[in-house]
Amino acid sequence: MGTTLVGFVLRRIAVSILVLVAASFIMYVLAANAGDPLQDLRGSSSPNKDQLIAARVAALDLDVPPVLRWFLWLGGAAQCLVPFGTCDLGLTLSNAPVTTILPAAMLATIQLVSVSFILAIILGVVVGIATALRQYSGFDLSVTFISFFLYSLPSFLVAVLLKEFIAIGFNNFLQSGDGIPLPMILLISAVAGLIWQVLIGGDLRRRLLTFGVSALATGSVLFYISVTGWFQDPGLGFIGVLVLTIAIVYCTVAVASGFANKRALLGGVIAGAIAIIAYFTLQGLFDVSSGGTIALLAVVTVLVGIVIGFAVGGNDRGQNLRVSIIVSVLSAGVVLLDRYMQSWNAYISSPRINGRPIATVGASTPGFQGDFWLQGIDSFTHLLLPTISLLLISFASYTRYARAGLLEVLGQDYIRTARAKGLPERTVIVRHAFRNMLIPIATLVATDVGALLGGAIITERVFAISGMGALFNASLQRIDLNPIMGYFIVIAITAVLFNFLADLAYAALDPRVRVRA
Amino acid sequence: MAITGQRFRRVATLAAIAGASAMVLAACTTSGEEAGGSGDTISIATTNAFTSFNGDTPQSNLDTNGMVGYLTGVSGGLGLGGFLRLDSDFSILKDESFGTYERVSEDPLTVKYTLKDGLKWSDGEPITADDMLFSWAQQSGYYDDATIDPETGEAVSGTQYFSLAGSTTGLDTTSFPEIGDDNLSLTITYDAPFVDWELVNMIGKPAHVIAEQAGVSLEDFTALLNELPAGDPAAPVEPNPTLKAAADFWNTGYDVTSFPEDESLLVSSGPFVVSAFTPESDITLVKNPEYTGDLSPEYDTLIIRFIGDSNAQVTALQNGEVNAIYPQPSADTLEALKAANAITYEGDQVAYDHLDLKQQSGVFADPVVREAFLKTVPRQQILESIVTPVNPSAKVLNSQIFVPANAEYEDAVAASGYDEFAEPDIEGAKALLAGATPTVRILYNTNNPNRVDSFNAIRQSAESAGFVIVDAGSPDWGTLLDGGEYDASIFGWISPGAGSAGLPQIFRTGGGGNYNDYSNPEVDALVDASQVSLDADELSQIKIDIDALTRQDAYGLPLFQLPGLFADNGSIKGLEYFGGQTGIVWNAQDWTIGG
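Chains as they are written, first to last, in the working numbering: chain A, 1 to 517; chain B, 1 to 595.
There's no promise every hint is true.
Claimed, not checked - The list that follows gives simulated cross-link-like pairs (lysine-lysine, DSSO-like), each with its CA atoms no further than 30 Å apart: (1) B/Lys287 with B/Lys120; (2) A/Lys49 with B/Lys94; (3) B/Lys287 with B/Lys573; (4) B/Lys395 with B/Lys338; (5) B/Lys338 with B/Lys573; (6) B/Lys244 with A/Lys49.
Everything labelled a hint here was simulated from the structure, so no lab data went into it.
Please read all numbers here as calculations on a predicted model, not as lab measurements.
Chain A with its partners taken away, still in its complex shape (with noise of 0.2 Å):
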């Protein structure tokens, strides 16, 4: 079994670096046929036009034709296998070596894409397991109609729509200092009752019943924003973090181990207790915190959540161990969010912000000064709008893989054979048929990193973000070669070796599928 692994993934990447060398080529040769990159020379009137045209030819080779000039690059490129050696992937037209603007580029999507592609597989999952649980339910043919529809919009329309509605509508809203108008508070607290409704279900008095609290809790909740200027200064207080807690136990234990498992809920409220303690010794800690405290912070969670799965014991140790992790992990969330919100105040009213935070362009403020919690709001006042124009688009895509692959494991004989014990419900769903589920979402997430961090070239551009996709876009249109290729050999080892990743990954979720050499 070992020898077989280790000779499959030797011929993978042997396969690999020759698929790698195969594609540079085309790559170079389309690129470098793609235009003239002397073009903004030869329209020049300079009395030493000829020169410059000379330079930029011996600079990037240009006299040499491009089939041969890709030996040149292959060779500096080759150079960066080589461990400690002088990695050369050549200059741009501008002079700039392209291994430096490389990681800037790749550190500029990665930041602008994570949180969107992380929060549309989360978010997808989620959705298409509710629809297919719900199936041809009005629940299921709204989030249908509704996916289908987001996934058709352009990204620079829903681009263009965010920055209007979201920027500088709220922003204007924001500056206003108006609370929100009656009308909309109505609106928004009926469509929040009729999505509750939808949801939970039922006849037509449960309907009902479930339409009017949710809507009066919506409503009451949002009278309560407007009159207390809550959109100026934020937070969610003792009674915010303690609600929200409560719901993360009680959600978390309801699916991952059932109300039955005492121990499981024991392992659960220590852990939501010894968040909300944290919330009222940890404030002194937090003011005074740097990026390197929280990651501290953030480990020590974890550890408290694994130390309290071990405490409370019980049979199935594994299942407890979840519920108290999840659950610390999310209540430590909800402090830090509300310690987030307490700084959103001094952010607003900093000069440099002037009280309109959501951006529209560019990953931060230029020269915004701040501590941790400040530059973290810049950051998500920057990356909002953006990330969620990327996650409307591809959250429709792992919506319909979801619902299709969860519709399709419950049909099996196995589920049937599960049911038939008597097993309760949600065992079924979680226990069985989730696993099988994510089968076909490991190959869509594996394709899904490869085209991550080519970038979204669209969004990147009408958000004036300079990551892999404005590279690509740019030295494209300047028939920049030398870029171009960095970009293509960045996204080309990305997708080969994630597609690597995702045949490793079958043999893991999936007994069935064996790598063989």
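Position chain B relative to chain A; hints supplied.
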């Protein structure tokens, strides 16, 4: 539950982890920081990113580099930290708070530059004639002994120290300058009169920084410049290692992909100095603490953000993230700006599109056919479809040499009569053709929608007069310009707005930009005379005469100037349109906050 020892160990482990974490946490915290930046800030958006602190090299000659150079010193011969800059009508504005220059003799042409006493670079070092000497050495190519192959433009032998985006034309005829007045003045003598002598800005990068980068003291560097003989292409010698190091640094050392660790790259002579730079995102300029001149701004910080998408610039302006924008002009952008209640500033750029006819070969060797073809060009219609939507006050360009912002424009139009071609004269063209149906191949850039529109308008009109038009457009139009497979071409020139050193390129027989083989001995003589003319009125007359001769020879037609567009959201005052290459920042020193 029963194994209490194990439980105890767990609790102990937990306590140990907690204790250790507390210690690490204590080491990993920060004291609180003040929120936000300080002082009055103006943010503007430009389309292209910043790549170099020296915009005068071939690879860095980009508009945003030029803007930063202009604000911090001198770039492309103009700047707030030098002797001169251009006004919105392209006339020269002298900055006497920096220094003065005067023509002390006309024959030979001798110009004396005198710095104001007490000026300092932003790092506190004095600005002296050493800096002017270095600037002269860099701009004149005095020490170069390279022989350039006229075909490829590459050096066949010898050394070319500094690679310039501009050219050494003019200063290459100067002899070694004289330095005087306590090392504050520098006098240069031209061997031949030079028409654009007033556009020579005798200051550039700080000599002390260049010397340090070359590994020598400023004194030694100045001494070296004094000692080194002029380069002689006929007898090339080994390059001087120190000057080579200095030149190499000047050529590429200012190119950056992140905020430079070496702060000497930032040293500025202008009212602004760069304080922060995020690649591909933004650059921040603050007031130069050592600046004592007249061009100091009232605000503290200027942030230039690079936003490639024009619509993103508009929403950023609307959302108050930037105070002013300098987008790619288009009708959509203008409309979006109007909808956002922005204040717009439209005008003409110095770049213009033109139609040129091949003079020597093919169908246009016959001047009558040229004349007939020009009569069919619907210039007003082309202007209205391409430029008017962006700049409603735009007019057809009626000169090959001047733009309407120039004082000579009216006289030139009166002399040349290019304004007769505003509307097509199909009947006149038919009469000239007398029934002939010549075939005309038109070359243009098929990737440029403006050129495609121009081509289609011209084709339609010319065909109605009997011409047979062949679409010779290509995305590779640039490489095809120099060839012969076309009869007429539509493309654009970018002129600096001021100066006359570019004339021989375009109009002289065999000039580097003379793609349509224009050759008229009278024009050649006038062009040669223009390059040595030192009298402004005489020069204007020469250029007007050249313009008129191109009309008589049916050289081609100027079509329109590209429109330019700035906008602000009312939060700053003082913006004014300028069509030159520094764009929106040309009067950044005059802006004030408040609306």
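Structure-based check of each hint:
{"no.": "1", "hint": "B/Lys287 with B/Lys120", "verdict": "14 Å, holds"}
{"no.": "2", "hint": "A/Lys49 with B/Lys94", "verdict": "29 Å, holds"}
{"no.": "3", "hint": "B/Lys287 with B/Lys573", "verdict": "18 Å, holds"}
{"no.": "4", "hint": "B/Lys395 with B/Lys338", "verdict": "22 Å, holds"}
{"no.": "5", "hint": "B/Lys338 with B/Lys573", "verdict": "18 Å, holds"}
{"no.": "6", "hint": "B/Lys244 with A/Lys49", "verdict": "23 Å, holds"}
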